[in-house]
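Colleague: Read off the chains here:
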Amino acid sequence: MTSEVSAKTSVSVQDLSLNFGMVSVLKSLNLDIAEGEFVVLLGPSGCGKSTLLNCIAGLLDISDGRIFIKGRNVTWEEPANRGIGMVFQSYALYPQMTVEKNLSFGLRVAGVPKDEIARRIARAAEILQIEPLLQRKPAALSGGQRQRVAIGRALVRDVDVFLFDEPLSNLDAKLRSELRVEIKLLHRRLKNTMIYVTHDQIEAMTLADRIAVMRGGEIQQFDAPSAIYNRPVNRFVAGFLGSPGMNFLEGRIENDQGGWRFAVDGISIPLATYAFERQPEPGPATFGVRPEHVALNSGEDWPFSMTATVEVVEPMGSDTLVWLLVAGQKFSVRVSAERAPAAGDTVSIGFDPMRASLFDGKTDRRI
Amino acid sequence: MMDDQIKAVAGAPISDPGGPRGPKPRRALSRRNIILYGTLFVAAVYYLLPLYVMVVTSLKGMPEIRLGHIFAPPMEITFEPWVKAWGKACTGLNCDGLSRGFWNSVRITIPSVLLSIAVASVNGYALANWRFKGAEIFFTILIVGAFIPYQVMLYPIVIILREIGIYGTLTGLVLVHCIFGMPILTLLFRNYFASLPDELFRAARVDGAGFWGIYLRIMLPMSLPIFVVAVIIQTTGIWNDFLFGVVYTRPDTYPMTVQLNNIVNAVQGVKEYNVNMAATLITGLVPLIVYFVSGKLFVRGIAAGAVKG
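Taken in order, these protein sequences are the chains called A and B.
Position one of the first sequence corresponds to residue 998 (the numbering used here), numbered consecutively onward.
Position one of the second sequence corresponds to residue 375 (the numbering used here), numbered consecutively onward.
These aren't lab readings, by the way, just hints derived from the structure by calculation.
These numbers were taken from a predicted model, which means no experiment stands behind them.
Mixed in with the good hints there might be a few duds.
[As the list claims (entries may be wrong)] Reference listing, derived: stretches of chain A covered by chain B, where coverage requires no fewer than 3 residues with Cβ under 8 angstroms from a Cβ of chain B:
(1) 1073-1087
(2) 1099-1111
[Unchecked claim] With a straight-line cut-off of 25 angstroms between C-alpha atoms, the simulated SDA-like cross-links for lysine to any residue are:
(3) A/K1005 to A/K1134
(4) A/K1134 to B/F601
(5) A/K1098 to B/D572
(6) B/K458 to B/I663
(7) B/K507 to A/K1134
(8) B/K507 to B/Q525
(9) A/K1098 to B/R591
(10) A/K1327 to A/S1295
[Said to hold, decoys possible] A partial selection of chain B residues facing chain A, derived with a Cβ cut-off under 8 angstroms:
(11) A568
(12) P571
(13) E573
(14) L574
(15) R576
(16) A577
(17) R579
(18) V580
(19) D581
(20) G582
(21) A583
(22) G587
(23) M596
No residue lacks a Cβ here, since even glycine has one placed at the ideal position from N, Cα and C.
Given these sequences and hints, build the entire structure.
Modeller: Now the structure itself:
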C-alpha cells in the first residue's frame, strides 16, 4: 500500500470499504484521479456510486481505507475541511434564503470577510450567468436555474474538487443536454478536478475524461470512454454501455484447422482478426457486437456475413433499429433511416470480429 | 331535447350534432346535497347545542334559571355570573374566583410549552439527522414512554419531586408536563425533520455548518408549521390538564382546571348554575383562542414554508 501520493493526483481513494451492518456496500475500492480530470462514476442504481461520492465528501463514515485530497489525508476530516464542493440531485438549496444568501452561507459560516464574499459571489454569478437571480428565493427559480445556483454554491467555496451527485437527473431531457454542455464548458474554464455520479451513459460518455463503471460496490473498469465502449473488460460493462445494447450470442470457442472460431447453432464466426486479450481456450463463450458495427445489405466483403429475416423495425428518427433472429437469438442492427428494410425482408448482415468483444462463458471476463 | 333534434334536422351544420356540451348542470337541491348538508347540519347542532345552553345559562339570573327553560334565551341579560366566576366565587377558603387559577395556569403553561418544545425539537432533529450510536434504542424507549399509562407513574413522580424538593411548586408541575410531553413531541419533530430532504442537511454540512448551526439556520426557519402544531398540542393539553395539576400542586398553586372543579363541585350552599357555566366558559376560553388564532397561523405557516425545490 502506498501512502505516498504523487503531486499530480488530486483525489486518491485507497482500499475504501463501507459496511452497513452486515451489508458490504463498498468493497476495498481503489481510485486515483489526476489533477483537473473529469471522472464519471457510472453504474446502475444501488451499485454504490453515490455512496462512494458521499464517502469522498465525508458525509458517510467509512469502515476502512483512506482518502487523500490534494495529497492530504482527509479520512477523518469534516466535509467542510476537505476542499470539496458538492452539487446535489435535488439541488438542496436552502428554501428560506435568497440565491445570494444560499451562495454565501458556507462563506458566512467560515467567517470570510464581507468584501471577499461579495467578490466571490460576483465571480460565480458572472460565470454561471445568474446575476439577475441573486435576490430571488429558490421557489421562484426554474429547475435549470436552481441547478446553476447549486453549482454556484460549490463554486464560491474556491475548492479543488467538485463533486456532482446526479445533478441533472431532475431536469427534463432538453434542459439536461443544455446543462451537460455547460458543465463541460465550466470544467474547461475552471480546470478543477470533477467527480460526477450518474446512471446516464450519455452523460458519462460525453463528459468524462475517464469513466469508472461500478457494480455491486466494486469498480469494474476505470478507463477512457472510448476504451470502455470499445473494449469492455467484462460482459456487464459491455451490456451496460450502449443504447441499444450490445448484441450477445451465446456459443463456444473452437479451434479447427483454420484457427480460432466462434460457433453457435450452425454459424461459425472466424476470429482471425479479433485481438485476443488473453490466450483463448476452447469452451463456452459469449460473442458481443454492437448494433452500429454490423453492416446491413452493404454489398461489401466482410470477414463474416450471413443472411437473416427481419423481425421488427424500430425507426428512431436519426436512424433505424432492425431486429433480426441470428442463431435463434435476438440481434439488432443500426442502419440509417433511408436504408431501413421492412419486416419480413431477408437481408444480409456482415461485420468484422475485430470490432467485437468475446467474453468467457464462466467468468464473463473479456478474452 | 326535441328542439335540438329538430334544429339539427332542419339546417344546423352536420359538424354540430347537438347533445350535451360544457359543464353538466347541477341541481342545488339534489339528493346528494340534501344528505351532505343535512348530515353536516345535524353534526353541527349536536356539538353546538351544549355550548348554546352554557352561554345562555351564564347570562341568566338565578330566578330565571329556576323556571327551568334551559333552551330559552335570557329575558334579562346579566354579566354578574361572569364577574362572580372570575373574581368572587369561593373555593375552600379563598374567595377570589378563577382569577388565581388563571394566573397559575398561565405560569404553568407558558414555561412548559416553551421548554418542552425547545427540548423536543432538538431531540427530534438529532434523531432524524444525526444518526448517533444508540439512536434507535433511544427512540424506541421514548416511544414506549408514550404508551405507559400516566397512573402508573403518578406516585413515583410524587416521591421524586419530594426528594428534589419541588413537590407542590409550579416548577415541579412544569417539569412533569415537559417530561410527559416529550415522547409525542419528539416523535412529531423527528418525523417532520425526517421528511425534509436529507440533501439539505448534507449540503449544510459541506458548507461547514455544525449541529447548532444547521438546527438554527437551516432547520428552524423551515419548521414554522410543525412548531405551530406543537404549540397547539401543548398549550391545549397543558391548559386542560387536571390530573397532574391536582396531584402535584397545592391549593394556592392549583391550575385553573382544578379550581373550576372545586367551584362547580362545591357541596355547600346553593348550586349557582349561571356562575358554574360562566366559570367553565372562562376556563375553556384559552384553548378556544389558541385554536382560532393559530389555526390561521397554521395555514399561513404551511403556505410560507412551502418546502419545494
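Colleague: With reference to the structure, classify each hint as holding or not holding.
Modeller: Against the structure, the hints come out as follows:
no., hint, in the structure
1, 1073-1087, "holds (count 10)"
2, 1099-1111, "holds (count 4)"
3, A/K1005 to A/K1134, "violated (40 angstroms)"
4, A/K1134 to B/F601, "holds (22 angstroms)"
5, A/K1098 to B/D572, "holds (20 angstroms)"
6, B/K458 to B/I663, "holds (22 angstroms)"
7, B/K507 to A/K1134, "violated (36 angstroms)"
8, B/K507 to B/Q525, "violated (32 angstroms)"
9, A/K1098 to B/R591, "holds (11 angstroms)"
10, A/K1327 to A/S1295, "holds (21 angstroms)"
11, A568, "violated (15 angstroms)"
12, P571, "holds (5 angstroms)"
13, E573, "holds (4 angstroms)"
14, L574, "holds (5 angstroms)"
15, R576, "holds (5 angstroms)"
16, A577, "holds (4 angstroms)"
17, R579, "holds (5 angstroms)"
18, V580, "holds (5 angstroms)"
19, D581, "holds (3 angstroms)"
20, G582, "holds (3 angstroms)"
21, A583, "holds (5 angstroms)"
22, G587, "holds (6 angstroms)"
23, M596, "holds (6 angstroms)"
The structure is inconsistent with the numbered hints 3, 7, 8 and 11, although it conforms to all the rest.
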